[in-house]
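Peer 1: Sequence:
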Amino acid sequence: MCRKYDLTASEKSVITSELAKDKSTLEIFKIIGRYHQTVKYIITAPTKILKRVDEGQSRAVSQRSLLRFKREAVKNPGLTSREQFKHVGVKTASRTTRCHLLKNVCKPVTSVKRTSLNKLHVQNHLKWAEDNMKVDFSKVLITDETRAALDGSDGRIKGWVVNGRDRHQHLRRQQRGGGIMIWADIIGDILVGPWKVPDRVKMTADAYIIFPREHIEPWLKKAKDHLQDNHDIHARYCALAFSEELGFCGSRKINWPACSPD
Numbered sequence: 001m002c003r004k005y006d007l008t009a010s011e012k013s014v015i016t017s018e019l020a021k022d023k024s025t026l027e028i029f030k031i032i033g034r035y036h037q038t039v040k041y042i043i044t045a046p047t048k049i050l051k052r053v054d055e056g057q058s059r060a061v062s063q064r065s066l067l068r069f070k071r072e073a074v075k076n077p078g079l080t081s082r083e084q085f086k087h088v089g090v091k092t093a094s095r096t097t098r099c100h101l102l103k104n105v106c107k108p109v110t111s112v113k114r115t116s117l118n119k120l121h122v123q124n125h126l127k128w129a130e131d132n133m134k135v136d137f138s139k140v141l142i143t144d145e146t147r148a149a150l151d152g153s154d155g156r157i158k159g160w161v162v163n164g165r166d167r168h169q170h171l172r173r174q175q176r177g178g179g180i181m182i183w184a185d186i187i188g189d190i191l192v193g194p195w196k197v198p199d200r201v202k203m204t205a206d207a208y209i210i211f212p213r214e215h216i217e218p219w220l221k222k223a224k225d226h227l228q229d230n231h232d233i234h235a236r237y238c239a240l241a242f243s244e245e246l247g248f249c250g251s252r253k254i255n256w257p258a259c260s261p262d
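FYI, in my numbering the residues of the sequence shown are 1 to 262.
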């Protein structure tokens, strides 16, 4: 009698029909001429399913590459999936495939915003507040400019971090990329502007003198004091002379808070 476990389709049909007649395995193996253990095996496992050796593991990349992904996420947290594949040196796949593979060792999270102020900054700000406690800020003209990024890296974008690790941090909302410069002033609860600076993301001292003259002068009668940031263009001789020309000098000019992020 043959002890092999692979039976023909006709032999399997005979076993099925004989089982329907309530015959035992001892009677069936004599009928088909097969070994008794073969008949018992076919009855308990009629279809033999082979298990993959790498079942549950990613077959698109090797385990070595997954380990390199994990090391890269520990070394440089917050990278995008495309940047991860580029740093590790693995051929770039579609975004769905990249995310599916990275989920084995990492998870996508948003960054934690980290303030740029330390203990010294906070102390200097408190001292500035004490020195200007009696100032009526409803009559203070506050002018400032800011940069609006139009492209480049977004500080709120998600990045890949190893499971169990802390989220990555970023210092600014926008980092790198091009943009435009916006200038505005506030007096009391009124926002004057904003206006787009013609020089895009840069403003010289000469341009600063020409630009606010068109927008500040209508509010000079209402403004008692003037507060502006400590940018280099405001500390130039021509800019200081322009402020004195408008009447903001001496006690009418409030210093910007010390150690300001601007």
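Bear in mind the hints are in silico, worked out from the structure with no lab data behind them.
All of these numbers come straight from a predicted model, not from anything done at the bench.
Glycine residues also receive a C-beta, built at the ideal position from the N, C-alpha and C atoms.
Certain hints may be false.
Dumping the calculated DSSO-like pairs for lysine-lysine here, alpha-carbon to alpha-carbon at most 27 Å [what the hints assert, rightly or not]: (1) Lys86 - Lys119; (2) Lys158 - Lys86; (3) Lys40 - Lys12; (4) Lys75 - Lys86; (5) Lys86 - Lys103; (6) Lys91 - Lys103; (7) Lys139 - Lys119; (8) Lys70 - Lys103; (9) Lys30 - Lys40; (10) Lys127 - Lys139.
Pair ranges (Cβ atoms, derived) [as the list claims (entries may be wrong)]: (11) Ala93 - Leu126: 39 to 45 Å; (12) Leu19 - Leu67: 46 to 52 Å; (13) Asp166 - Glu130: 33 to 39 Å; (14) Ile190 - Lys119: 30 to 36 Å; (15) Leu67 - Val14: 33 to 39 Å.
Peer 1: Going straight from one Cα to the other, do Lys40 and Lys12 come out at no more than 27 Å?
Peer 2: 12 Å, holds
Peer 1: Are Asp166 and Glu130 spaced within 33 to 39 Å by their CB atoms?
Peer 2: Holds, at about 36 Å.
Peer 1: Starting from Lys158, check that the Cα of Lys86 is at most 27 Å away, please.
Peer 2: Cα-Cα ~17 Å, so holds.
Peer 1: Check whether the Cα positions of Lys139 and Lys119 lie no farther apart than 27 Å.
Peer 2: 30 Å, violated
Peer 1: Is it true that Leu19 and Leu67 lie within 46 to 52 Å of each other by Cβ?
Peer 2: With Cβ atoms ~51 Å apart, the hint holds.
Peer 1: Is the hinted range of 33 to 39 Å satisfied by the C-beta distance from Leu67 to Val14?
Peer 2: 53 Å, violated
Peer 1: When you check the alpha-carbon spacing of Lys30 and Lys40, does it fall within 27 Å?
Peer 2: Holds. Lys30 to Lys40 sits at ~13 Å (cutoff 27 Å).
Peer 1: For a C-alpha distance cap of 27 Å, please report whether Lys91 and Lys103 respect it.
Peer 2: Holds: Lys91 and Lys103 sit about 17 Å apart, inside 27 Å.
Peer 1: Range hint 30 to 36 Å: satisfied by the CB atoms of Ile190 and Lys119?
Peer 2: 35 Å Cβ-Cβ, so the 30 to 36 Å window holds.
Peer 1: Is Lys86 close enough to Lys119, meaning Cα to Cα at most 27 Å?
Peer 2: 39 Å, violated
Peer 1: Given the hint of 39 to 45 Å, is the C-beta distance from Ala93 to Leu126 inside that range or not?
Peer 2: About 53 Å separates the Cβ atoms of Ala93 and Leu126, which means 39 to 45 Å is violated.
Peer 1: Holds or violated: are the alpha carbons of Lys127 and Lys139 at most 27 Å from each other?
Peer 2: Given that 27 Å is the threshold and the Cα spacing comes to 21 Å, the pair holds.
Consistency with the previously given hints fails for numbers 1, 7, 11 and 15, ordered from lowest to highest.
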